[in-house]
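K.L.:
The primary structure of each chain is shown beneath.
Protein chains: 2
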Amino acid sequence: MKHITSDQNPQIKQLRMLRERPARQRDRILLDGVHLCQAWLQHHGQPECAVVAQGRLEQSDIAAILALIGASRILCVPDVLFSRLSEVESHQGILFVAARPVPALPDLVSENAVWLDRIQDPGNLGTLIRTAAAAGIRRLFLSRGTASAWSPKALRAGQGGHFVVTLHEEIMPETLLPRLAVPLAATTLEQARSLYDGALPQQCVWVFGNEGQGVDPALLQAAGLRIRIPHEQDRVESLNVAVAAALCLFEQRRQHGAVG
Amino acid sequence: MKHITSDQNPQIKQLRMLRERPARQRDRILLDGVHLCQAWLQHHGQPECAVVAQGRLEQSDIAAILALIGASRILCVPDVLFSRLSEVESHQGILFVAARPVPALPDLVSENAVWLDRIQDPGNLGTLIRTAAAAGIRRLFLSRGTASAWSPKALRAGQGGHFVVTLHEEIMPETLLPRLAVPLAATTLEQARSLYDGALPQQCVWVFGNEGQGVDPALLQAAGLRIRIPHEQDRVESLNVAVAAALCLFEQRRQHGAVG
Numbered sequence: 001m002k003h004i005t006s007d008q009n010p011q012i013k014q015l016r017m018l019r020e021r022p023a024r025q026r027d028r029i030l031l032d033g034v035h036l037c038q039a040w041l042q043h044h045g046q047p048e049c050a051v052v053a054q055g056r057l058e059q060s061d062i063a064a065i066l067a068l069i070g071a072s073r074i075l076c077v078p079d080v081l082f083s084r085l086s087e088v089e090s091h092q093g094i095l096f097v098a099a100r101p102v103p104a105l106p107d108l109v110s111e112n113a114v115w116l117d118r119i120q121d122p123g124n125l126g127t128l129i130r131t132a133a134a135a136g137i138r139r140l141f142l143s144r145g146t147a148s149a150w151s152p153k154a155l156r157a158g159q160g161g162h163f164v165v166t167l168h169e170e171i172m173p174e175t176l177l178p179r180l181a182v183p184l185a186a187t188t189l190e191q192a193r194s195l196y197d198g199a200l201p202q203q204c205v206w207v208f209g210n211e212g213q214g215v216d217p218a219l220l221q222a223a224g225l226r227i228r229i230p231h232e233q234d235r236v237e238s239l240n241v242a243v244a245a246a247l248c249l250f251e252q253r254r255q256h257g258a259v260g
Numbered sequence: 001m002k003h004i005t006s007d008q009n010p011q012i013k014q015l016r017m018l019r020e021r022p023a024r025q026r027d028r029i030l031l032d033g034v035h036l037c038q039a040w041l042q043h044h045g046q047p048e049c050a051v052v053a054q055g056r057l058e059q060s061d062i063a064a065i066l067a068l069i070g071a072s073r074i075l076c077v078p079d080v081l082f083s084r085l086s087e088v089e090s091h092q093g094i095l096f097v098a099a100r101p102v103p104a105l106p107d108l109v110s111e112n113a114v115w116l117d118r119i120q121d122p123g124n125l126g127t128l129i130r131t132a133a134a135a136g137i138r139r140l141f142l143s144r145g146t147a148s149a150w151s152p153k154a155l156r157a158g159q160g161g162h163f164v165v166t167l168h169e170e171i172m173p174e175t176l177l178p179r180l181a182v183p184l185a186a187t188t189l190e191q192a193r194s195l196y197d198g199a200l201p202q203q204c205v206w207v208f209g210n211e212g213q214g215v216d217p218a219l220l221q222a223a224g225l226r227i228r229i230p231h232e233q234d235r236v237e238s239l240n241v242a243v244a245a246a247l248c249l250f251e252q253r254r255q256h257g258a259v260g
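Those protein sequence lines, which keep their order, are chains A and B. Taken in order, the first sequence gives residues 1 to 260; the numbers are from this note's numbering. Taken in order, the second sequence gives residues 1 to 260; the numbers are from this note's numbering.
Simulated from the structure, these hints should not be mistaken for lab results. It is possible that part of the hints are untrue.
Same chains, same label: a pair holds when it works inside one copy or across any pair of copies.
Unchecked claim - Straight-line Cα separation of at most 20 Å, EDC-like style, residue types lysine to aspartate or glutamate; simulated pairs:
1. Lys-153 <-> Glu-211
2. Lys-153 <-> Glu-237
3. Lys-13 <-> Glu-87
4. Lys-2 <-> Asp-79
5. Lys-153 <-> Glu-20
6. Lys-2 <-> Glu-20
7. Lys-13 <-> Glu-48
8. Lys-153 <-> Asp-27
9. Lys-153 <-> Asp-121
10. Lys-153 <-> Glu-170
11. Lys-13 <-> Glu-232
In isolation and in its complexed conformation, chain A is listed as follows:
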């Protein structure tokens, strides 16, 4: 374990940069708090480094985490310095720096999956991941221009969903479209059939679009299935994107027997 006390230490400066300007170091992410660090260890293995607040070294849950990490990867810092690194107001005294997961794209996509097209709000994004995982989705594609899946806000809204699915970020339509071996289904208000009017395919790739603009016209064009969710449109223009996704995914589950 390495002890650092100075604010000006280069590693500390780099960490602060990662917190304040995550876009500059897109290959690295911060995992802040006991739950996220535990989940990372369980699903992804060792972090690049673990930062711990000195005052929490003896705390049992934190000691248990540190016991699983190579000592050379642990940085111990004074509590006051830790506070400046953590995003969380009442921080838990531990955070990980880890390599952003970049899973290999499958050659063929033949399972039920979700494609998020330029979702902007990290809370919506996290809720979409949580909801998809709850509906049994195992793989999500995130178009370039979507918010970072691993930002603190998206992780918080994800409630653990990030760790039970495979997330492919920075997807370009021309890369993914040729790999689809199941229909592409897009939600839209125009030239679309009702979600409840007839059978949904057992497997498809559902695409849910940007909060303001909806699904990219090129993807809409490619979609074999255009779905609208009937609602009181004269009173509320549209549904929140995570709500719309939930309605589609759970209606598909209902049709294919998930009543239990």
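Assemble the complex: chain A is given as a structure, and chain B must be docked to it using the hints.
P.N.:
Just chain B, lined up with the frame of chain A:
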């Protein structure tokens, strides 16, 4: 129209207080931006006062709003002073101060309705209102302890839903329970039937509970219908409350014929 230039003017100080400590003046709300002010005028009438940034006086949408308001209710302030009153970073130069709506409770509740029990997150609350309105709900009850329905964040997430429903805030269970003439339906994971297993009543009061703790045990006790939403519980513990509400309300709509 009254022109104010000083930061220290008592009306301006009161406005700033309303923005910074809304809990101190629960009988008043702020509506920030062109859309919200238009919606207020259309659905609730005159505000207590309108504050406009001097530089926007001639802008057509803002001039149209001001033309509908008694001149004695309009405060015109320098743009820089307006910026300090608005919650919104790129503000639109107009805001209303209005009396918080306190609609009378119906003696008997015999329609399909929603009861929000101590929902904490204003984004969730706004999304719940938007979703309920989209599903055809006309009346929502908010238990005491729920976030303010009229906060800027809840209004933003509501996307206009606030103006097409009746919102009863500060509800106490002992006041509302005796008025229910339709079944009370609560979502919970324990001793509950699946949402998809059998018919839902055409009219009921749906209660959705606190993000962490769920529905108040006293309300659960009173619920004639306990509903769970089957999902991959070994992977994700629970659903976001706005997502859960959407699934219940739209499944009920589906069962009662909203396929069109």
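K.L.:
Have a look at Lys-13 and Glu-87 and pick one of within, between, both or neither, based on CA distance no larger than 20 Å.
P.N.:
within (15 Å within a copy, 32 Å between copies)
K.L.:
Quick one: Lys-153 to Asp-27, C-alpha cut-off 20 Å, is that within a copy, between copies, both, or neither?
P.N.:
within (18 Å within a copy, 32 Å between copies)
K.L.:
Quick one: Lys-153 to Glu-211, C-alpha cut-off 20 Å, is that within a copy, between copies, both, or neither?
P.N.:
Cα proximity of Lys-153 and Glu-211: in one copy and across copies (17 Å, 16 Å).
K.L.:
Measure nothing new, just compare the shortest in-copy and cross-copy C-alpha distances for Lys-2 and Asp-79 to 20 Å and report within, between, both or neither.
P.N.:
This pair counts as within: shortest intra-copy Cα distance 15 Å, inter-copy 52 Å.
K.L.:
At most 20 Å between alpha carbons: which applies to Lys-153 and Asp-121, within, between, both or neither?
P.N.:
both (9 Å within a copy, 13 Å between copies)
K.L.:
As a check of your reading, is Lys-153 near Glu-20 (CA-CA no more than 20 Å) within one copy, between copies, both or neither?
P.N.:
within (14 Å within a copy, 24 Å between copies)
K.L.:
Is it within, between, both or neither when you check Lys-13 against Glu-48 at 20 Å Cα-Cα?
P.N.:
For Lys-13 and Glu-48, only the intra-copy Cα distance (16 Å) is at most 20 Å; the inter-copy one is 50 Å.
K.L.:
How would you label the pair Lys-2, Glu-20 (within, between, both, or neither) given a Cα cut-off of 20 Å?
P.N.:
neither (23 Å within a copy, 43 Å between copies)
K.L.:
Checking an output row: Lys-153 and Glu-170, CA cutoff 20 Å. Within, between, both or neither?
P.N.:
Within one copy, since 18 Å is at most 20 Å while 29 Å is not.
K.L.:
Can you give me the call for Lys-13 and Glu-232, within, between, both or neither, at a CA distance of at most 20 Å?
P.N.:
neither (52 Å within a copy, 41 Å between copies)
K.L.:
Quick one: Lys-153 to Glu-237, C-alpha cut-off 20 Å, is that within a copy, between copies, both, or neither?
P.N.:
Answer is between; shortest inter-copy Cα gap is 18 Å, intra-copy 26 Å.
Hint check: violations occur at hints 6, 11; the rest are consistent with the structure.
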